[in-house]
Amino acid sequence: MSDIFSGSDLQTGEYSEALASLIADLNAVVPEARKAISAAADRKAIEQLRVQFLGKKGRITKLNQRLGKLSGEERPVAGKLLNTQRTEITALLEKRTAELEVRELESRIAEEAVDVTLPGIRPARGGLHPVTRVTREIEEIFRSMGFRLESGPEVETEWLNFDALNMPEDHPARDMQDTFYTERGHVLRTHTSPTQLRSMLAAKPPLAVITTGKVYRHDSDATHSPMFHQMEGFLVDEAISMGHLKGVLHEFLRALYGPDVRTRFRPSFFPFTEPSAEVDIWFEARGGWMEVLGCGMIHPAVLRNGGIDPERYSGFAFGLGIDRMTCIKFGIPDLRLLFENDLRFLRQFQG
Amino acid sequence: MRFSIRWLKNYLQTDLPAQTIIDALTDCGLEVEEVLDLGMLSGKLVTGEILAIDPIEGADKIRVCTVQADGPKPLRIVCGAWNIEVGHKVPVAHFGMKFPGGFELKPRKIMGISGDGMLCSQKELGVSEEGAGIWLLPDDLPVGEPYDAVVEISITPNRPDALSIVGVARDLAARLAVLHPDNKPVFKLPALQVPEGADKAESAARVSIEAREDCPRYTARVVRDVKVAPSPRWMQAVLESAGMRPINNLVDITNFVMLELGHPLHAFDLDRLKGRQIVVRNARKGEKIVTLDEQELRLEESDLLICDAEDPVALAGIMGGANSEIGDETQNVLLEAAYFRPQTIRRTSRRLDKSTDSSYRFERGMDPKKLTAALNRAAQLMASLAGGTVLRGHIDAVGRVPEKEPITLRLERLNEALGVELSGRQVTDVLTPLGFEVQRSDREEIQLAIPSHRVDVSLEADIVEEVARIYGYDRIPERRVKLPSAYHAPAPLDRVRQKLADAAVALGFHQAVNFSFVSEKENGLTGAADSGQVRLLNPITADQTVMRRSLLSSLLRNVAHNLNQSVEEIPLFELGHTYVFPPEEEADTDPRGLTPPANETPYFAAVLCGAARANWREPVREPDFFRIKGYAEEFLSLLGMSKLVVEAVTDVPWLHPGRAARFLAKGQPVALFGELHPAVLKEMDIRRRTVYLEIPLTGPALEETPVEKYKEIPRYPAVTRDVALLVDRDVRSMDLERTIRKAGKDLLASVRLFDVYEGDKVEKGKRSLAYSLTYRSPDRTLTEAEVTERHGEVLQALEKNHSARPRT
Numbered sequence: 035m036s037d038i039f040s041g042s043d044l045q046t047g048e049y050s051e052a053l054a055s056l057i058a059d060l061n062a063v064v065p066e067a068r069k070a071i072s073a074a075a076d077r078k079a080i081e082q083l084r085v086q087f088l089g090k091k092g093r094i095t096k097l098n099q100r101l102g103k104l105s106g107e108e109r110p111v112a113g114k115l116l117n118t119q120r121t122e123i124t125a126l127l128e129k130r131t132a133e134l135e136v137r138e139l140e141s142r143i144a145e146e147a148v149d150v151t152l153p154g155i156r157p158a159r160g161g162l163h164p165v166t167r168v169t170r171e172i173e174e175i176f177r178s179m180g181f182r183l184e185s186g187p188e189v190e191t192e193w194l195n196f197d198a199l200n201m202p203e204d205h206p207a208r209d210m211q212d213t214f215y216t217e218r219g220h221v222l223r224t225h226t227s228p229t230q231l232r233s234m235l236a237a238k239p240p241l242a243v244i245t246t247g248k249v250y251r252h253d254s255d256a257t258h259s260p261m262f263h264q265m266e267g268f269l270v271d272e273a274i275s276m277g278h279l280k281g282v283l284h285e286f287l288r289a290l291y292g293p294d295v296r297t298r299f300r301p302s303f304f305p306f307t308e309p310s311a312e313v314d315i316w317f318e319a320r321g322g323w324m325e326v327l328g329c330g331m332i333h334p335a336v337l338r339n340g341g342i343d344p345e346r347y348s349g350f351a352f353g354l355g356i357d358r359m360t361c362i363k364f365g366i367p368d369l370r371l372l373f374e375n376d377l378r379f380l381r382q383f384q385g
Numbered sequence: 027m028r029f030s031i032r033w034l035k036n037y038l039q040t041d042l043p044a045q046t047i048i049d050a051l052t053d054c055g056l057e058v059e060e061v062l063d064l065g066m067l068s069g070k071l072v073t074g075e076i077l078a079i080d081p082i083e084g085a086d087k088i089r090v091c092t093v094q095a096d097g098p099k100p101l102r103i104v105c106g107a108w109n110i111e112v113g114h115k116v117p118v119a120h121f122g123m124k125f126p127g128g129f130e131l132k133p134r135k136i137m138g139i140s141g142d143g144m145l146c147s148q149k150e151l152g153v154s155e156e157g158a159g160i161w162l163l164p165d166d167l168p169v170g171e172p173y174d175a176v177v178e179i180s181i182t183p184n185r186p187d188a189l190s191i192v193g194v195a196r197d198l199a200a201r202l203a204v205l206h207p208d209n210k211p212v213f214k215l216p217a218l219q220v221p222e223g224a225d226k227a228e229s230a231a232r233v234s235i236e237a238r239e240d241c242p243r244y245t246a247r248v249v250r251d252v253k254v255a256p257s258p259r260w261m262q263a264v265l266e267s268a269g270m271r272p273i274n275n276l277v278d279i280t281n282f283v284m285l286e287l288g289h290p291l292h293a294f295d296l297d298r299l300k301g302r303q304i305v306v307r308n309a310r311k312g313e314k315i316v317t318l319d320e321q322e323l324r325l326e327e328s329d330l331l332i333c334d335a336e337d338p339v340a341l342a343g344i345m346g347g348a349n350s351e352i353g354d355e356t357q358n359v360l361l362e363a364a365y366f367r368p369q370t371i372r373r374t375s376r377r378l379d380k381s382t383d384s385s386y387r388f389e390r391g392m393d394p395k396k397l398t399a400a401l402n403r404a405a406q407l408m409a410s411l412a413g414g415t416v417l418r419g420h421i422d423a424v425g426r427v428p429e430k431e432p433i434t435l436r437l438e439r440l441n442e443a444l445g446v447e448l449s450g451r452q453v454t455d456v457l458t459p460l461g462f463e464v465q466r467s468d469r470e471e472i473q474l475a476i477p478s479h480r481v482d483v484s485l486e487a488d489i490v491e492e493v494a495r496i497y498g499y500d501r502i503p504e505r506r507v508k509l510p511s512a513y514h515a516p517a518p519l520d521r522v523r524q525k526l527a528d529a530a531v532a533l534g535f536h537q538a539v540n541f542s543f544v545s546e547k548e549n550g551l552t553g554a555a556d557s558g559q560v561r562l563l564n565p566i567t568a569d570q571t572v573m574r575r576s577l578l579s580s581l582l583r584n585v586a587h588n589l590n591q592s593v594e595e596i597p598l599f600e601l602g603h604t605y606v607f608p609p610e611e612e613a614d615t616d617p618r619g620l621t622p623p624a625n626e627t628p629y630f631a632a633v634l635c636g637a638a639r640a641n642w643r644e645p646v647r648e649p650d651f652f653r654i655k656g657y658a659e660e661f662l663s664l665l666g667m668s669k670l671v672v673e674a675v676t677d678v679p680w681l682h683p684g685r686a687a688r689f690l691a692k693g694q695p696v697a698l699f700g701e702l703h704p705a706v707l708k709e710m711d712i713r714r715r716t717v718y719l720e721i722p723l724t725g726p727a728l729e730e731t732p733v734e735k736y737k738e739i740p741r742y743p744a745v746t747r748d749v750a751l752l753v754d755r756d757v758r759s760m761d762l763e764r765t766i767r768k769a770g771k772d773l774l775a776s777v778r779l780f781d782v783y784e785g786d787k788v789e790k791g792k793r794s795l796a797y798s799l800t801y802r803s804p805d806r807t808l809t810e811a812e813v814t815e816r817h818g819e820v821l822q823a824l825e826k827n828h829s830a831r832p833r834t
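These protein sequence lines map, in sequence, to chains A and B.
The opening position of the first sequence corresponds to residue 35 in our numbering, with each subsequent residue numbered one higher.
The opening position of the second sequence corresponds to residue 27 in our numbering, with each subsequent residue numbered one higher.
The set of hints was computed from the structure by calculation and includes no laboratory data.
Bear in mind the structure is a predicted one, so any value in this text is a computation, not a measurement.
Take the hints with a grain of salt, since some may be wrong.
On the chain A side, residues computed to face chain B include the following (Cβ under 10 angstroms) [as the list claims (entries may be wrong)]:
#1 81
#2 84
#3 86
#4 151
#5 248
#6 281
#7 308
#8 310
#9 315
#10 316
#11 318
Below are the DMTMM-like pairs computed for lysine to aspartate or glutamate, each with C-alpha atoms no more than 25 angstroms apart in a straight line [to be verified]:
#12 A:248 - B:383
#13 B:396 - A:204
#14 A:363 - A:271
#15 B:787 - B:748
#16 B:396 - B:471
#17 B:314 - B:222
#18 B:508 - A:204
#19 B:395 - A:343
#20 B:253 - B:165
#21 B:508 - A:343
#22 B:547 - A:145
Idealized CB from N, CA, C, for every residue including glycine.
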């Protein structure tokens with residue numbers, strides 16, 4: 035496009051000198067502009083060029099002023115030509131601007147690159163105590179199965195903690211649960227079972243209740259803590275059998291340990307249930323059975339103490355040590371770690 | 027209870043494999059705790075006989091034995107023990123035998139001789155802690171048989187009858203008969219024939235009971251002219267397998283009979299009993315006895331004693347006295363079998379902290395009807411093993427021995443309780459091997475006589491358990507429960523606890539769980555000692571003597587611990603109770619005794635101490651009053667509490683009096699927070715600024731959060747004016763804000779404090795508070811003039827009420 039004006043709109047040889055000189059100047063502007071624009075290094079330079087060529091005192095404007103010296107016939111021809119040149123230069127400026135924008139963006143992006151391996155700025159998040167996590171999991175399973183969550187006091191009467199649960203004084207079973215006594219002759223509950231009686235005395239069957247909470251025994255070493263957490267549940271209705279007990283607990287263990295969990299119910303003894311059982315689950319990693327639950331059919335004497343006629347109603351109860359389960363779940367070797375509240379321990383549990 | 031399977035098979039005749047027997051134990055409630063394989067399970071340990079012992083050239087500590095074991099050819103085994111002789115029966119381990127502790131026997135050369143196995147000691151096999159030298163086995167053992175397996179089972183407190191090999195065999199016979207109906211084992215009691223001399227026992231000694239309540243029956247036999255010697259090896263092996271140390275034939279016999287039949291016996295040296303007389307009586311206050319273990323015990327009137335004509339000779343059911351002990355010179359023996367009231371033995375044993383194999387059994391309840399059988403068995407053994415002459419008859423003093431009533435079992439009840447469908451025949455098949463006798467039965471009921479050894483059986487439910495136990499828990503089919511399908515909304519407290527815990531975690535706090543007991547000193551941080559503290563009678567340690575009445579001390583203890591571990595930032599929260607006794611006169615108001623003995627108040631508490639650089643970009647922020655106040659606002663707003671009133675707190679001694687406050691909602695305190703008093707921190711050994719917050723989860727905290735109602739989003743633009751106010755230092759921000767709101771009226775949409783300055787750029791005693799005021803109308807775009815006018819009114823009000831001047 036070296037020669038943008040061929041003069042074909044006019045008959046050859048008929049144009050004036052003024053026009054000829056204008057055309058010559060016009061033809062010189064565009065190549066000059068193209069050269070300058072393509073050399074522009076930034077948008078400031080572009081802006082200067084815009085002024086230089088298209089501004090009020092720019093080259094095109096000045097050429098435009100020379101139109102007045104042309105004849106009426108030549109003027110539109112030259113005017114048209116001038117417009118073409120102006121459009122051309124405008125386009126060149128725009129194109130170059132776009133190019134420069136891309137380049138500027140590119141260089142900005144290049145400058146803005148960060149070391150992506152620097153650590154992210156994380157909001158501080160804490161964590162639930164591992165015992166709380168296991169407790170919630172257990173509560174959720176039983177709640178979804180239709181059990182109601184209740185709680186009871188931790189400073190408890192001897193009657194509710196022992197006698198009403200079929201553990202009279204001088205019963206060897208009381209030895210199984212070494213007890214803290216208070217100055218006023220009450221006990222720190224040794225298990226969550228007193229809540230069972232409180233629930234029975236407060237409402238009529240059918241009853242399906244679980245309790246979780248702190249319990250206390252006079253014992254302290256790597257596997258015994260003077261305070262620990264228990265979950266206890268019971269169900270009382272007409273015609274409840276040991277088959278139901280097995281069904282409910284197996285369902286619970288499936289929910290907790292997966293659908294393929296292998297369970298074993300074996301006879302045991304608790305004063306407040308009869309028959310009593312302990313439930314083991316198979317731990318493939320250890321190649322052995324591990325005890326996870328104690329349970330049984332509620333002893334008729336306990337039902338009677340709870341104001342329930344054992345001839346009409348029957349029920350089952352079960353309990354488990356949440357802390358031990360927590361230790362198993364997270365591989366915690368010593369129960370005492372749970373209650374030191376060392377942040378180097380607690381920070382490991384943020385799930 | 028520990029026993030060997032080889033010994034068990036004397037009472038349980040069966041060809042079932044040892045593993046089957048062991049599995050059946052747990053099945054029927056005799057939980058297997060540990061199994062020591064002595065060859066019976068793996069075949070890797072057999073009985074061998076030593077044929078020759080030869081020296082090894084160049085070795086003076088070891089010899090090589092030629093041993094006949096289970097192979098066709100004798101084995102050559104290098105051995106460093108010197109207690110063996112030709113003809114001894116010994117345990118021979120083959121390669122591949124696994125010893126307790128994980129050691130597996132592999133071939134190796136000793137002094138150039140590659141032996142064929144190893145002779146074992148009791149210690150190596152895990153049978154005993156002691157046992158120098160090779161374990162010498164009974165002479166009559168057949169050579170080449172796998173030797174044995176030792177099983178440790180735990181017996182629940184309701185089953186004292188199973189604290190004997192006969193009791194274990196009886197349960198196993200019943201259970202294995204169910205599992206293998208075509209190959210039922212035979213339960214066999216030892217044959218009893220006591221050769222008696224001509225003289226009557228009653229002429230050799232006298233027995234009388236003074237304490238008839240505590241000792242319903244006391245029976246004795248007399249054996250004369252015994253020779254004290256080691257007991258035979260078979261008996262020693264039984265005792266050793268059970269974890270007991272053999273002493274001499276007389277003592278070993280009493281222990282053996284206890285392990286065999288369950289009943290603890292005691293043997294007195296008759297010649298050392300003054301007056302050749304036994305008197306069973308309660309101790310006198312302050313009376314003393316020196317027991318076999320040479321301990322002097324001070325007694326009380328509730329303790330039961332066995333005495334001779336003058337002195338106590340045994341602490342009944344617990345331990346014999348040193349003064350009547352069997353010794354090497356003993357010639358004549360008085361053998362005691364008695365039934366003591368379990369509670370009496372238990373009380374004494376607990377008080378004196380003296381538990382023995384004997385007391386363990388008596389306090390759980392022995393069979394009151396098997397005294398003579400046990401005595402006769404011991405007498406028989408003393409005649410055959412110690413060459414004694416058993417005098418004719420028993421010396422028997424009888425009080426009131428408890429009798430067992432028959433029990434009627436309803437079949438329907440049984441099937442309903444277990445969820446099975448058993449016939450009467452199936453039920454009696456299970457029960458009779460246990461010693462229950464059918465007295466009467468029809469299609470609905472079975473009346474059963476209860477064997478005297480089952481002290482735990484007195485109700486129909488007890489029989490149901492027996493049936494389940496032997497029939498097998500595994501055979502009870504699982505069933506689904508139809509639960510009442512009512513929805514149980516979580517209790518308000520549970521809901522609130524969960525909400526707070528989740529929010530605290532999201533805000534960076536870690537949950538602590540602390541013991542509920544603290545030291546008296548720690549409780550003293552938050553109140554006076556006498557105000558209803560729940561004090562423990564028997565604390566475990568001196569710093570856990572009272573139940574906490576604030577979570578403060580526990581959390582401060584955690585802070586101190588973590589600071590000691592160089593943890594830089596300690597953000598902890600806890601959900602727990604505080605415990606206080608109500609005034610005595612208000613306690614136990616419920617006639618049914620259901621009033622909780624203590625007032626237990628649930629709390630949420632959080633503590634913040636120290637600061638770590640959270641990351642490489644942001645500065646370290648030490649916690650201060652405003653941080654904890656912010657958390658308090660956050661938690662309370664989460665609980666739906668608005669319109670909070672803040673109130674400076676100067677009367678809580680453990681809080682910094684200038685940096686503590688509480689929030690009130692509807693006039694009730696709902697949160698207490700602030701910086702801890704420096705003196706308290708020093709007391710707890712904390713050298714960093716620490717802030718604390720507690721919210722009682724009662725009253726307003728538990729109220730249902732009102733649901734947020736949608737308000738129209740503003741449609742017209744807002745105009746914001748910032749103003750920095752110069753005020754006297756004691757002018758409170760809250761009051762300035764109140765004035766701004768009041769004067770800004772309907773056009774003031776919000777006011778926000780964005781800067782507080784105090785320092786060189788303002789005059790002393792003054793400070794500058796900068797607020798951003800946003801003006802907006804819900805129904806039109808405000809004009810510049812309107813805003814300027816209203817803002818001017820606000821500034822005037824500030825000037826008038828607080829002498830507040832805009833800073834330029």
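We went through each hint and held it up to the structure:
1. 81: violated (34 angstroms)
2. 84: At about 37 angstroms, which exceeds the 10 angstroms cut-off, the nearest Cβ of chain B leaves the hint on residue 84 (chain A) violated.
3. 86: Nearest chain B Cβ about 43 angstroms off; hint violated.
4. 151: This hint is violated: residue 151 (chain A) lies away from chain B, its Cβ roughly 12 angstroms from the closest one there, beyond 10 angstroms.
5. 248: holds (6 angstroms)
6. 281: OK, holds: residue 281 (chain A) within 10 angstroms of chain B, min 4 angstroms.
7. 308: holds (5 angstroms)
8. 310: Constraint on residue 310 (chain A) satisfied, holds at 7 angstroms.
9. 315: violated (14 angstroms)
10. 316: Since chain B brings no Cβ nearer than about 14 angstroms to residue 316 (chain A), farther than 10 angstroms, the hint is violated.
11. 318: violated (19 angstroms)
12. A:248 - B:383: Cα-Cα ~34 angstroms, so violated.
13. B:396 - A:204: holds (24 angstroms)
14. A:363 - A:271: violated (33 angstroms)
15. B:787 - B:748: holds (19 angstroms)
16. B:396 - B:471: At roughly 29 angstroms apart (the allowed maximum being 25 angstroms), residue 471 (chain B) and residue 396 (chain B) break the hint.
17. B:314 - B:222: violated (37 angstroms)
18. B:508 - A:204: violated (39 angstroms)
19. B:395 - A:343: violated (35 angstroms)
20. B:253 - B:165: Between residue 253 (chain B) and residue 165 (chain B) the Cα gap is close to 21 angstroms, so the pair holds against 25 angstroms.
21. B:508 - A:343: Answer holds: residue 508 (chain B) to residue 343 (chain A) is near 20 angstroms, not above 25 angstroms.
22. B:547 - A:145: violated (62 angstroms)
Hint violations for this structure: numbers 1, 2, 3, 4, 9, 10, 11, 12, 14, 16, 17, 18, 19, 22, all remaining hints satisfied.
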